[in-house]
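> In the order they appear, the protein sequences are chains A and B. Residue 1 is where the first sequence starts when you use our numbering, and the numbers rise one by one after that. Residue 737 is where the second sequence starts when you use our numbering, and the numbers rise one by one after that.
Misleading hints may appear alongside valid ones.
What the hints assert, rightly or not - Calculated pairs, EDC-like style, for lysine to aspartate or glutamate (alpha carbon to alpha carbon, straight line, at most 16 Å): (1) K447(A) with E945(B); (2) K444(A) with D759(B); (3) K946(B) with E433(A); (4) K444(A) with E555(A).
Hints in this document: simulated from the structure, not taken from any laboratory.
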Amino acid sequence: MTVSQQTLDEIALSRTEYEMIIDRLGREPAPLELGLFGALWSEHCGYKHTKALLRTLPSSSKRLLVAPGAENAGVIDLGDGLAIAMKIESHNHPSAVEPFEGAATGVGGIIRDIFAMGARPIALLNSLRFGQPDNARTRYLLNGVIGGISSYGNCIGIPDVGGEIFFSDSYNGNPLVNAMCVGLIENGKVASASAREAGDLLLLVGADTGRDGIHGASGLASKGFEEEAEMRSAVQVGNPFLEKVLIEACMEALELPGVVGLQDCGAAGITSAAIEMAERSGMGLKLFIDRVPRREKGMTPYEVMLSESQERMLIAVTPGGETQVFELFDRWDLDASVIGKFELGSNVKIYDEGEQVCSTPVITLTDSPEYKLTSSKPAWLDALQKVNMNAIPMPNMPPIKVMLKMLGSPNIASRFPIYQQYDYHVQTNTVIEPGGDAAVLRLKGSKKGIAISTDCNSRICYLDPSIGASIAVAEACRNISVTGAAPIALTDGLNFGNPETPDVQYQLTESIAGITRAADAFNIPIVSGNASMYNESLGSAIFPTPIIGSLGLLEDAEIHATVGFKSQEDIIVLIGTDSCWDEINDIAGSEYLELIHGKVEGQPRLDLDLEVRAQEVCRKAIKAGLVTSAHDVSDGGIAVAIAECSIIGGIGAVITKALPKRWDAGMFGESQSRILLSLDNKNIDQLESIALSHNVPMTIIGFVKGDSLEFGDSLSIPLTVASEAWQNGFNLATSE
Amino acid sequence: MKFGIVVFPGTWSEKDTQYAVSDVLGYESDYIWHDDDNLDQYDVIVLPGGFSYGDFLRCGAIARFSPVMQAVRVFAENGGPVIGICNGFQILCESNLLPGVLMRNDHLEFRCIWTDLRVENTSTIFTSKATEGQLLHIPMSHGEGNYQADEETISRLENNGQVIFRYSDTSGNVTSQINPNGSVNNIAGIINERGNVLGMMPHPEKASEKLIGGDDGNIIFKSLIENTVTSLK
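Pulled out of the complex, with its shape left as it was, chain A reads as follows (with noise of 0.2 Å):
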């Protein structure tokens, strides 16, 4: 029998790695095992074109409780017997096809992988990316995303803290949905997803099984999709009510004797939760697929196998075990079934009716192929960073009219009116809210506080993939060390084109070198991610997007910084420049060359050691209670970061330092490893002693003062204004 063309594209599986199966296994797959090894040599579940390089990344501290691949999600240690468990994964293709489920069920998936890990949820974060914000399509995404988003998070009490969101051509029709989750431990409760030995029972817990999300990860998250509408039934719905009770649910049954392992069951379904639970486990599985309780008659073990109905768990119990867990459930109003034994050997094998469907060794379906890739750099690349900035006209408009718009831009307007739709307040944590670089959460009964955020600048990656990605790292620690904390952890979401591209291959090669080359730089681990490809529509590639998520420890909370300046007369120091204002080279791929002049071009730099020392000199600052507020220099340079720091603490800021000629550059160029503070002149010897200790340059260019923004004898913007353009950017941007 050979198979048809027809069912391997259904499953998103090469005739070649169908011959792969037939070597293996030295027969042909039947219909059912096909499927599995379908949906786990996914490239959603297989990582076949990011396995090689994944490996690659840092993943060693001291910290470290559970390694990254190991287990749902990397823990990484706070101390006081405290641990945190955190994960950023993807759901964009469902978020292209249906934004408001697809976005729901990200925010639920993620969220299970971390109490899986026996951590209670304390936070939510979404890195948004979306095509031009005036389409009309863009606006239907972004209203269904945030929707869901909202919808879902906000039922099931873990505030949603922070993110971001971006705008760019290279995003149209394939947005970028990203959620990431951190939850709390005590240390030595951390959980496994795996069962101890040979007779432990495997328990489906939650939702019943229908036939939503059949071939979501193969098909929907595992090549390129043009046909969307027929994508529809592969994407899930979400119930977050179901998934709150579950949470509590399972953190109870977390604490009776018998419960060994749990596992999230979220793509691919149980095929892959239970299979990846048996590899853990180093033991055969026998699964009684009829005892999976569905949503619907008739369905078939492939279908019962590849749902990927949401709010469902698999618990490892004990023998006798599972009493215990069906009166816990019971009393949630939650199903709990005994679907399988783990038993000595090395096979799955599936029953329906008694009768045995399938028996296949586990191993065989896990290693899915390792695809190597070629990294050459394509010369249109060449091109585009080799363009003389000095080429770039002044723009035909003066600086206030400038900078209006990019206060307005929906890159960098305030984000308010996405995150006034999120609860971020509940659990009483939130000591910095969302709209400052980096959110804030106290944790009860303990000093210590933890600051979390994501990044990355995608228009930089574009220009050079490996410096990108470290900038996206740096930023991302950036983000933290301006609240004070210091960074100790990072999660990468990496959401690339097409990988059996060139281009997209050099582009992941370079990005994970350049994430491995500043977290090392940090000396910190990368403690878990997730690999979304076939980002394109149109076969056109996303811009290179790895997202990173980034885990702060501040000592105690109460000591910790915020953006906006505090009072008046404070002296504005800049720290990691000894200029106020950037060159004309420092453009290269900023808001500005983008919104001014239509272009994304240009050679980005970054200097990695100085951003650390740069990074350690702010957070002494913080610690030793000099300054009164800190900001991250980013998007939009140093002119939008000033005004944001005035504009949040509603006072004004006087920069006395000139402006240049090219006074375009100078103010909203975005060079790295600058961060603005505000201070007291009486702690500014201090500062300059740290500075100077760590080998920081460091400007002093203005004052907070007054209710206006001036730049030098030349500009002046009343804060008003100035607020007025910042608070009302978002909503004007993305209205009709």
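Please build the complex by placing chain B on the supplied structure of chain A, with the hints as guidance.
Relative to chain A, chain B alone:
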């Protein structure tokens, strides 16, 4: 003096409430599961925020039929103090323990913001530690907090001093611009005629410490504690 904090499947503010009344203020509290109907050991009942039973059908519409709500009704009828916060307010209205309804926010979006609540009546067991016209800085977080009732009910509430909190600006002005959800007369919280049942949309339990943005919520719990302890003596 002990707080009973009711927990429905889908409730998410029970831990924040317990933290505020027990960890911050130092009073005893227990969770009460939705199918429990014995409230004998409690002096104050809190119906906290969340999405009881998923709030399918209508917010609070299923919760009103729960065993615990039958007991809460009796508790309230006997004069026991009951405070419903957010979803708890919705449940109290659905249970007819308070008049009116909470409709979808007029702009149709969920809103999570800090509000300034003007205290309209300080002669209640919930507000005795506030001063007349004081502004309480307390966050809200809801999609359906648009308080509406027929004209007669509204004028009765207004005339009896049953409107306890109104959304106001930072200077205490009650304006339509500052109204976050379309509530009639900017109403954020009301009490029943007898004065022992309070419903409010904003979350006092989320304003329990300065580190998380403010502790004005404690004024409400402290009032309740003082008056309950006095009545127990």
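> Now tell me, hint by hint, if it's right for this structure.
Verification of the supplied hints:
1. K447(A) with E945(B): holds (14 Å)
2. K444(A) with D759(B): This hinted pair holds, its Cα atoms lying about 10 Å apart.
3. K946(B) with E433(A): Cα-Cα ~14 Å, so holds.
4. K444(A) with E555(A): Cα-Cα ~13 Å, so holds.
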